[in-house]
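K.L.:
Spelled out from the first residue to the last, the chains are:
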Amino acid sequence: MVLDLDACIDSLFKRQLLAESVIREICEKTKELLMSESNVVHVSAPVTVVGDIHGQFYDLLEIFKIGGYCPDTNYLFLGDYVDRGLYSVETMSILTCLKLRYPDRVQLVRGNHESRAVTQTYGFYTECMKKYGSAQVWHYFTDLFDYLTLSVVIDNMIFCVHGGLSPSIHTIDQIKVMDRFKEIPHEGPMADLVWSDPDPGREEFAVSPRGAGYTFGSLVVEKFLHENGMDHILRAHQLCMEGFQVLFDDQLSTVWSAPNYCYRCGNLASILEVGIHGERHFNVFEAAPENERPSPTEAQRSLFGSNGNGTGTGGGLNGGGMFAGNGMNGGSMAYAALAGLDSGQDAIHYFL
Amino acid sequence: MDGSNPHREGLTTLHHDWTMIPAGKLVERQTPVLLSNGISAAPVFDEAKNSFTGMFDYGDLMAYILILLKKMDPPQDQTLEMRDLIQKANNSQSVPLGEFPKLQAVMQTTLHACGLDHSNVLSVNGNAPVLDALVKMSSNSVSSLAVLDDQGILLGNISMTDIQHVMKHLKSSWLWISCFQFISKIRLSRGVETGEDQYPVLDVSAGSTFGYTLLKLQATKVHRLWVVQDNGSVAGVVSLTDVFRVLSKLIDN
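Chains A and B, in that order, give the protein sequences.
So for the first sequence, full-length UniProt numbering puts the first residue at 1; every next one is plus one.
So for the second sequence, full-length UniProt numbering puts the first residue at 1; every next one is plus one.
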């Protein structure tokens with residue numbers, strides 16, 4: 001198949017889904033590309049770092065608006081491209097195409113949501129079933145996830161990973177020799193890198209409340225930076241109301257790029273712009289304007305046409321008022337998990 | 001800790017005041033009360049004051065043990081008695097829970113060696129409706145079931161508390177969705193509240209140590225952890241009751 005990546009990217013910017021066979025092709029080609037990437041990819045500034053996106057495609061478009069489009073801007077994405085949001089498929093599709101089209105300008109790091117077990121629970125699997133009528137696209141993407149790198153180092157000074165540190169990992173070299181080409185295990189260093197969180201109240205490691213990975217404290221951060229000759233750790237993985245958070249005396253930052261998370265948290269988001277002299281600037285932004293969001297019908301569309309599932313009232317979505325104006329609520333996240341149900345079922349709203 | 005966290009089913013989350021009773025005597029006296037009555041919390045009666053002065057639960061006991069083993073930071077607002085206790089532990093003086101080294105040895109034993117990976121696990125298939133899970137929990141008098149896929153691999157945990165929580169607010173049509181869909185929805189909502197998603201399956205491997213299991217129970221605030229083999233199939237379960245059964249043997253010896 002002759003792949004016209006520019007045409008694919010164009011379609012995706014217009015919010016059109018790619019055909020299943022095209023997805024298969026871009027995933028195959030991207031896997032070949034990623035196979036030769038180290039578990040620790042070295043890049044140079046300037047680069048713009050993006051945190052969790054979670055299928056919030058409109059906010060990804062916002063990121064390109066404020067940060068610049070590829071290839072004019074170098075991008076480093078820290079993972080969690082899918083789940084929870086309504087457009088995980090479009091988000092993952094466009095990022096895969098951009099990586100394939102501009103391999104040296106786009107880096108994709110694996111997040112804890114780039115996993116078969118997690119995407120079956122948190123929405124991506126269901127969204128693929130709904131939009132393509134089968135699990136095939138989910139298989140293509142989750143196979144691709146196994147190839148995503150685990151970390152990036154900017155100018156030998158900033159260590160970038162999705163989650164955080166591991167008690168099993170003291171040096172960058174230890175990460176380089178890991179076998180990453182598999183599903184993320186429940187435990188161990190690979191799990192820790194994508195699941196761990198910093199804890200400013202602690203000095204050492206502790207078991208994480210998430211059920212995977214660890215929490216780590218100030219002494220752990222200092223030791224890691226010192227042993228590896230670096231001065232900053234950059235990660236994502238945790239919601240930040242202000243869009244970012246700086247800890248441990250500016251030795252660690254969290255960048256979060258999904259504004260108004262799940263369409264109800266009301267948080268800001270940010271992207272981190274790293275300059276050629278190592279300067280770090282958080283570019284903070286709000287959720288994309290309401291009037292650019294799609295109507296419920298458009299959100300329901302699948303590859304089989306806009307009413308593919310006969311969803312006049314929206315299969316599983318509440319009739320009327322769901323997306324209009326300020327009608328966003330937690331129920332819209334249940335959409336992804338509801339997609340297997342008959343349209344006769346009630347919508348489930350989490351008013352928690 | 002507030003009283004409304006659905007993860008803490010079976011455990012009281014009422015605030016307690018450690019000043020009321022010397023902590024050492026508390027643990028010595030209260031643990032057998034919990035175990036022999038099969039309850040998860042007991043009111044503490046202070047003979048000197050001739051009144052009930054608080055509640056003692058498994059969470060308290062676990063916190064105490066973890067402090068004892070210096071794996072946890074002492075609480076900020078510790079009382080004089082608690083400070084005494086911690087100092088005793090640090091100086092390896094005799095502590096109410098029996099010999100320190102024996103406790104350490106147990107903490108380092110694997111779950112397999114403790115025999116905790118041979119329980120009869122009650123489970124439900126992920127595709128079965130929630131109603132089936134409810135019926136099974138009810139007829140077996142358990143509050144939780146492992147949710148398995150067709151190959152017997154652990155997908156998650158479904159508990160009575162989750163179901164009750166949902167039914168308080170919503171319609172009974174939830175009873176007919178699949179167990180897997182149900183636990184996904186629970187996970188979806190919880191992650192939004194905290195801004196942090198949890199791992200879909202809260203488990204521990206049969207080769208993990210008893211001490212690590214305690215730490216994970218404490219950190220994740222769940223009532224039980226499923227014990228799994230390397231391939232992800234369920235071999236047993238470790239609940240707080242199991243934890244204290246193992247520990248109480250040390251007290252008896």
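Calculated from the structure, these hints are not laboratory results.
Among these hints, one or two may not hold up.
Stated by the list, open to error - With beta-carbon atoms standing in for the labels, derived distance ranges:
id: 1; chain 1: B; residue 1: 142; chain 2: A; residue 2: 33; range: 48 to 56 Å
id: 2; chain 1: A; residue 1: 4; chain 2: B; residue 2: 119; range: 52 to 60 Å
id: 3; chain 1: A; residue 1: 46; chain 2: B; residue 2: 149; range: 40 to 48 Å
id: 4; chain 1: A; residue 1: 223; chain 2: B; residue 2: 196; range: 52 to 60 Å
id: 5; chain 1: B; residue 1: 245; chain 2: A; residue 2: 188; range: 50 to 58 Å
id: 6; chain 1: A; residue 1: 183; chain 2: B; residue 2: 120; range: 25 to 33 Å
Since this is a predicted model, take the numbers as computed values, not measurements.
Backbone N, C-alpha and C define an ideal beta-carbon position, used for all residues, glycine too.
K.L.:
Would you mind marking each hint as holding or not holding in the structure?
P.N.:
Quick rundown of the hints versus the structure:
| no. | hint | verdict |
| --- | --- | --- |
| 1 | B:142 <-> A:33: 48 to 56 Å | 50 Å, holds |
| 2 | A:4 <-> B:119: 52 to 60 Å | 57 Å, holds |
| 3 | A:46 <-> B:149: 40 to 48 Å | 46 Å, holds |
| 4 | A:223 <-> B:196: 52 to 60 Å | 25 Å, violated |
| 5 | B:245 <-> A:188: 50 to 58 Å | 30 Å, violated |
| 6 | A:183 <-> B:120: 25 to 33 Å | 29 Å, holds |
Against the hints set out earlier in the document, violations occur for numbers 4, 5.
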